[in-house]
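Quick mapping for you: the protein sequence lines, in order, are chains A and B.
The C-terminal residue of the first sequence carries number 234 in my numbering, and the numbering is unbroken.
The C-terminal residue of the second sequence carries number 511 in my numbering, and the numbering is unbroken.
If you're looking for bench data, these hints aren't it; they were derived computationally from the structure.
Glycine included, every Cβ here is placed at the ideal spot set by N, Cα and C.
Among the hints, a few may not be true.
DEER-style ranges, computed between Cβ atoms [unchecked claim]:
hint	chain 1	residue 1	chain 2	residue 2	range
1	A	ASP58	B	ALA327	43 to 49 Å
2	B	ASP397	A	GLU120	42 to 48 Å
3	B	TYR313	A	GLU200	43 to 49 Å
4	B	ASP305	A	GLU103	19 to 25 Å
5	B	SER346	A	ALA232	31 to 37 Å
6	B	HIS370	A	PHE8	49 to 55 Å
7	A	GLY217	B	GLU420	36 to 42 Å
8	A	ASP186	B	ASP427	49 to 55 Å
9	A	ARG84	B	ASN383	26 to 32 Å
10	A	SER116	B	PRO465	40 to 46 Å
11	A	ASP141	B	ALA327	27 to 33 Å
12	B	PHE250	A	LEU99	49 to 55 Å
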Amino acid sequence: MAERGYSFSLTTFSPSGKLVQIEYALSAVAAGAPSVGIKASNGVVLATEKKQKSILYDETSVHKVEPITKHIGMVYSGMGPDYRVLLKKARKLAQQYFLVYQEPIPTAQLVQRISSVMQEYTQSGGVRPFGVSLLIAGWDDACPFLFQSDPSGAYFAWKATAMGKNYMSGKTFLEKRYNMDLEVDDAIHTAILTLKESFEGQMTEDNIEVGICTETGFRRLTTAEVKDYLAAIV
Amino acid sequence: MATLSVCQPPFGGFSFEYCKRNAVLAAEVAKVGCSIPAARKTGTTICGVVFKDGIVLGADTRATEGMIVADKNCSKIHYISPNIYCCGAGTAADTEMTTQIISSNLELHSLSTGRLPLVATANRMLKQMLFRYQGHIGAALVLGGVDCNGPHLYSIYPHGSTDKLPYVTMGSGSLAAMAVFEDRYEQDMEEEDAKRLVRDAIAAGIFNDLGSGSNIDLCVITKNKVDYLRPHDMANLKGIRTGNYKYKRGTTGVLLKTVTKLDLEVVEETVQTMDTS
Numbered sequence: 001m002a003e004r005g006y007s008f009s010l011t012t013f014s015p016s017g018k019l020v021q022i023e024y025a026l027s028a029v030a031a032g033a034p035s036v037g038i039k040a041s042n043g044v045v046l047a048t049e050k051k052q053k054s055i056l057y058d059e060t061s062v063h064k065v066e067p068i069t070k071h072i073g074m075v076y077s078g079m080g081p082d083y084r085v086l087l088k089k090a091r092k093l094a095q096q097y098f099l100v101y102q103e104p105i106p107t108a109q110l111v112q113r114i115s116s117v118m119q120e121y122t123q124s125g126g127v128r129p130f131g132v133s134l135l136i137a138g139w140d141d142a143c144p145f146l147f148q149s150d151p152s153g154a155y156f157a158w159k160a161t162a163m164g165k166n167y168m169s170g171k172t173f174l175e176k177r178y179n180m181d182l183e184v185d186d187a188i189h190t191a192i193l194t195l196k197e198s199f200e201g202q203m204t205e206d207n208i209e210v211g212i213c214t215e216t217g218f219r220r221l222t223t224a225e226v227k228d229y230l231a232a233i234v
Numbered sequence: 235m236a237t238l239s240v241c242q243p244p245f246g247g248f249s250f251e252y253c254k255r256n257a258v259l260a261a262e263v264a265k266v267g268c269s270i271p272a273a274r275k276t277g278t279t280i281c282g283v284v285f286k287d288g289i290v291l292g293a294d295t296r297a298t299e300g301m302i303v304a305d306k307n308c309s310k311i312h313y314i315s316p317n318i319y320c321c322g323a324g325t326a327a328d329t330e331m332t333t334q335i336i337s338s339n340l341e342l343h344s345l346s347t348g349r350l351p352l353v354a355t356a357n358r359m360l361k362q363m364l365f366r367y368q369g370h371i372g373a374a375l376v377l378g379g380v381d382c383n384g385p386h387l388y389s390i391y392p393h394g395s396t397d398k399l400p401y402v403t404m405g406s407g408s409l410a411a412m413a414v415f416e417d418r419y420e421q422d423m424e425e426e427d428a429k430r431l432v433r434d435a436i437a438a439g440i441f442n443d444l445g446s447g448s449n450i451d452l453c454v455i456t457k458n459k460v461d462y463l464r465p466h467d468m469a470n471l472k473g474i475r476t477g478n479y480k481y482k483r484g485t486t487g488v489l490l491k492t493v494t495k496l497d498l499e500v501v502e503e504t505v506q507t508m509d510t511s
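All chains should be built: construct the whole structure from the sequences, respecting the hints.
Dropping the structure here:
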């Protein structure tokens, strides 16, 4: 394939017009742990699988669902270290926006800025694209928002979506289950069920993480709360 | 054996001992071409007190531009983090921007650690920034908050030195406010007593210092809640005029009325069309 020769350089187009490195970055995302985002009528739910390779891991020390500001949070699928870098950048961008405009950053503005950062890394020398896709959930002015940001720098607004391993079956499941009148509690229930579709083994409160964004702001659910929701499913 | 000189202890009134010395110094300094440093008035009364369950911060609300009141109701108690607030005296822009920058940085730090920030951290960040600018940032701050180690109160000077104390005052009205504190401060006061004490201290500053005035704002910070009382006490409400000074039509009798028409001749007429396309 003529593609092969063009797959090592990020900054060279292939004959078919693709940047193969970005395709490979998307494959890295598709190989990552599944994550799900659902926009409800009164909030947004983010959920992800947090399977650790060994029981010796202290799972309380690292989190996948993280707040960016009081009213915006995000989760990822893909490479953890790349996520950390983007999380730090997102937090800093949010603070810079506040210092200039004296208002909390609107979700769409933050997503645009983060996506610009991700795009920069597809058009510079000596760097590689980020190996993560981000799901960003926010609440501005009585409206919930859910966005996805890809390694290419493209961003999409979703009503509900799935990323990572088995994302196609996750999306199909959501297409059937989603409706506009869902409340946050139902959305959490649906998100957990979506994760369960592709989950290997027993789902417990320690190997998934759930975050919700409502009028009162963004927060990660405690393991006790997750346990209650899991009990409701079984 | 050294002879003991008999010192006359000063009795009553202001001591004018150094006036002659200052005059001589001023002359000497002027010969070299410089001037004696002038004391910068900061036109504010801010103070803070530690009580049994937390901190009470207080401030007046007058912002001055030289001898003129620029803002009769400005807010001098700034948000740093959910559990930490900071009063600012000095150049208004400096206190506003400094507290905002440190608030932003503290939020980033707090998101990174996953914990509520410590007052000592805010103190460190503020003093290190002010020292870096060698006093050119004119911000004199009273920083107070409650963290996992309890309630803490700091005063921070423009050059970057800080004091950790149970009660502090800053600004041009600080002496009046400190007089009230020195008289009535006690350890482990109740919330209402502490609020009354701070209110009285700021009131002393408002009524005895020209650079302070208008209302009294309070901020009560405890472990579980923050009460931002703005205004807590409107001590200087504008008075209502008691009389009506408008005269009714016809009060002044009209004796004579003459009308002179102005004869104006149109000399030139030009029309300029606007491009409204």
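Status of the hints after comparison with the structure:
1. A/ASP58 <-> B/ALA327: 43 to 49 Å: holds (47 Å)
2. B/ASP397 <-> A/GLU120: 42 to 48 Å: Because 46 Å falls inside the window, the suggested range holds.
3. B/TYR313 <-> A/GLU200: 43 to 49 Å: About 47 Å separates the Cβ atoms of B/TYR313 and A/GLU200, which means 43 to 49 Å holds.
4. B/ASP305 <-> A/GLU103: 19 to 25 Å: For A/GLU103 against B/ASP305, whose Cβ atoms are near 22 Å apart, the range 19 to 25 Å holds.
5. B/SER346 <-> A/ALA232: 31 to 37 Å: Given a distance of about 34 Å, which is inside 31 to 37 Å, the answer is holds.
6. B/HIS370 <-> A/PHE8: 49 to 55 Å: Check passed, 53 Å falls within 49 to 55 Å.
7. A/GLY217 <-> B/GLU420: 36 to 42 Å: holds (39 Å)
8. A/ASP186 <-> B/ASP427: 49 to 55 Å: Given range 49 to 55 Å: holds, Cβ gap about 51 Å.
9. A/ARG84 <-> B/ASN383: 26 to 32 Å: holds (29 Å)
10. A/SER116 <-> B/PRO465: 40 to 46 Å: holds (44 Å)
11. A/ASP141 <-> B/ALA327: 27 to 33 Å: holds (30 Å)
12. B/PHE250 <-> A/LEU99: 49 to 55 Å: holds (50 Å)
Comparing the model with each numbered hint stated earlier shows that all of them hold.
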